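2 protein chains.
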Amino acid sequence: MMRTRFQQGLDELRGKLLVMGGLAEQAVDRACQAYIERDLQRCHMVLENESRINAAEREIDELAFDLLALQQPMAVDLRFILAVTKINSDLERVGDQSVNVVERVMDMIELPPADLPIDIPRMATASSAMVRRALESFIEGKAELAQAVLEMDNVVDRMRDEAFINLTRKMNDSPEVTRQALDALLVARNLERVADHATNIAEDVIFWVRGADVRHNVAVANSSTRHPIVDRS
Amino acid sequence: MMRTRFQQGLDELRGKLLVMGGLAEQAVDRACQAYIERDLQRCHMVLENESRINAAEREIDELAFDLLALQQPMAVDLRFILAVTKINSDLERVGDQSVNVVERVMDMIELPPADLPIDIPRMATASSAMVRRALESFIEGKAELAQAVLEMDNVVDRMRDEAFINLTRKMNDSPEVTRQALDALLVARNLERVADHATNIAEDVIFWVRGADVRHNVAVANSSTRHPIVDRS
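Going down the list, the protein sequences come from chains X and G. Our numbering applies: residue 1252 is where the first sequence begins, and numbers increase by one. Our numbering applies: residue 1252 is where the second sequence begins, and numbers increase by one.
Please keep in mind that the hints were generated in silico from the structure rather than gathered at the bench. One or more of the hints may lead you astray.
Which copy? The list can't say, so a pair holds if one copy fits it or any two copies do.
With a straight-line cut-off of 25 angstroms between C-alpha atoms, the simulated SDA-like cross-links for lysine to any residue are [to be verified]:
id: 1; residue 1: Lys-1393; residue 2: Asn-1305
id: 2; residue 1: Lys-1267; residue 2: Ile-1457
id: 3; residue 1: Lys-1393; residue 2: Ala-1306
id: 4; residue 1: Lys-1267; residue 2: Asp-1280
id: 5; residue 1: Lys-1393; residue 2: Arg-1289
id: 6; residue 1: Lys-1267; residue 2: Met-1357
id: 7; residue 1: Lys-1267; residue 2: Phe-1458
id: 8; residue 1: Lys-1267; residue 2: Glu-1454
id: 9; residue 1: Lys-1267; residue 2: Glu-1288
id: 10; residue 1: Lys-1267; residue 2: Arg-1461
id: 11; residue 1: Lys-1267; residue 2: Arg-1420
id: 12; residue 1: Lys-1267; residue 2: Pro-1426
id: 13; residue 1: Lys-1267; residue 2: Ile-1332
id: 14; residue 1: Lys-1393; residue 2: Gln-1258
id: 15; residue 1: Lys-1393; residue 2: Asn-1351
Computed from a predicted structure; not experimentally measured.
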């Protein structure tokens, strides 16, 4: 019966992490819409949602803690719970990056619109997709999906490098839009960070999921005398 | 006897986290020196050390895992171990930020030196001190020290805002150094991120240390029927 309640707890944890992922993704998408439409109201929505995301992070951490305190989990569940707390932090920071984006957007809205050589929506879509897929790879326990996310990161990095070169040129050619170009460049950086967080999640999936595969048998035996910690001392 | 080995494990975990903190701080300091002296060799040292920092992160995570798997920790130890895994991630990313700094420095070294209105060493010193103090607040279990770190973050944010304004003006006035100014601005952003990671660590200290204080008695009783998870379902 204890085991059943524990399993329910794991399901709850999984569910909460998915909700958290949804909030983080929504923040990126809204920030991008705010950029496209120069929409101050949508900026405020992202700012207001940050505290919701922070609260969700703490709730997940507390639930993870409770599950660990409730009973001695098997190694595979332990790895799952630790991975959740790691991924949780990254999702919260995706929310932070979205806040950084709308701060730049709010600066841009005050300035005359400028035609800039950068495709922010494309970067936002790619970064946001990486977060979603990284989270899927975790929920489905598929390290190969996580591997695909790592490869997507190069694409976003390339977009950022291109943006860097094109926007530097723009600043040189049209100094009157330097500030707008700089804002756009920083938005690109923030989106690159979102992609980095997705990469972190994917790396954690590979580390924890593979680890769970490799160490599962040892774990089930759960013999403390055979435990790796002994080998280390 | 099990308990003793567990305590040794906790000490080892603490020690490894301190070493990790030292590596992260060193990376920031070296990156800053590389900036000041336009020193390519020092840039390479930071790049080479990144894999060491990554390896240290994984080792700490594995040790945390082993400790959790070894025995059912008391709540206070459980909170400590979970906090370690969180702080560990932030320290690893301080290392990442240092790599980002030297990438910009390597770009600057290729360009003619420019006199820029930004005090990078001051920002680096402040950010690096925040990381050190955040880690100290954790090791000493002092939430009030962590609170002080949170207040330092405003100082670094103000430096970044000033740099943003001054460097934008510089780009307008002297378009020939736009690229150098942009590099310096991105270095400032990276140092601001280092400060953000210190802030994350401090927040975790407050959350986990305070939580441990508040919940310690419940934890020692360790009664699963009274456990908070029951209240949630």
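For this session: Using 25 angstroms as the alpha carbon limit, work out where Lys-1267 and Met-1357 are close: within a copy, between copies, both or neither.
Result: Neither: 31 angstroms inside a copy, 43 angstroms across copies.
Problem set entry | Alpha-carbon proximity between Lys-1267 and Phe-1458, which holds within one copy, between copies, both or neither at 25 angstroms | Both, since 22 angstroms and 19 angstroms are each at most 25 angstroms.
For this session: First find the shortest C-alpha distance between Lys-1393 and Arg-1289 inside one copy, then the shortest across copies, and answer within, between, both or neither for a cut-off of 25 angstroms.
Result: Neither, since 39 angstroms and 44 angstroms both go past 25 angstroms.
Exercise. When no copy is specified for Lys-1267 and Pro-1426, does a C-alpha distance of 25 angstroms or less occur within a copy, between copies, both, or neither?
Worked result: Classified as neither: same-chain Cα gap 47 angstroms, cross-chain 50 angstroms, threshold 25 angstroms.
For this session: With 25 angstroms as the alpha-carbon cut-off, assign the pair Lys-1393 and Gln-1258 to within, between, both or neither.
Result: For Lys-1393 and Gln-1258, the Cα distance is within 25 angstroms only inside one copy (20 angstroms; across copies 35 angstroms).
For this session: First find the shortest C-alpha distance between Lys-1393 and Ala-1306 inside one copy, then the shortest across copies, and answer within, between, both or neither for a cut-off of 25 angstroms.
Result: between (28 angstroms within a copy, 23 angstroms between copies)
For this session: Evaluate Lys-1393 and Asn-1305 at a C-alpha cut-off of 25 angstroms and name the case that applies: within, between, both or neither.
Result: between (27 angstroms within a copy, 22 angstroms between copies)
Problem set entry | Within, between, both or neither, where Lys-1267 and Glu-1454 count as close if Cα-Cα is 25 angstroms or less | both (21 angstroms within a copy, 21 angstroms between copies)
For this session: Could you place Lys-1267 and Glu-1288 in one of the four classes (within, between, both, neither) given a Cα distance threshold of 25 angstroms?
Result: neither (31 angstroms within a copy, 48 angstroms between copies)
For this session: Pop the pair Lys-1393 and Asn-1351 into one bin, within, between, both or neither, using alpha-carbon distances up to 25 angstroms.
Result: neither (31 angstroms within a copy, 30 angstroms between copies)
For this session: Measure nothing new, just compare the shortest in-copy and cross-copy C-alpha distances for Lys-1267 and Ile-1332 to 25 angstroms and report within, between, both or neither.
Result: both (12 angstroms within a copy, 22 angstroms between copies)
Exercise. When no copy is named, should Lys-1267 and Asp-1280 be tagged within, between, both, or neither for a Cα gap of at most 25 angstroms?
Worked result: within (20 angstroms within a copy, 39 angstroms between copies)
In this structure, the earlier hints numbered 5, 6, 9, 11, 12, 15 are contradicted, and the remaining ones agree with it.
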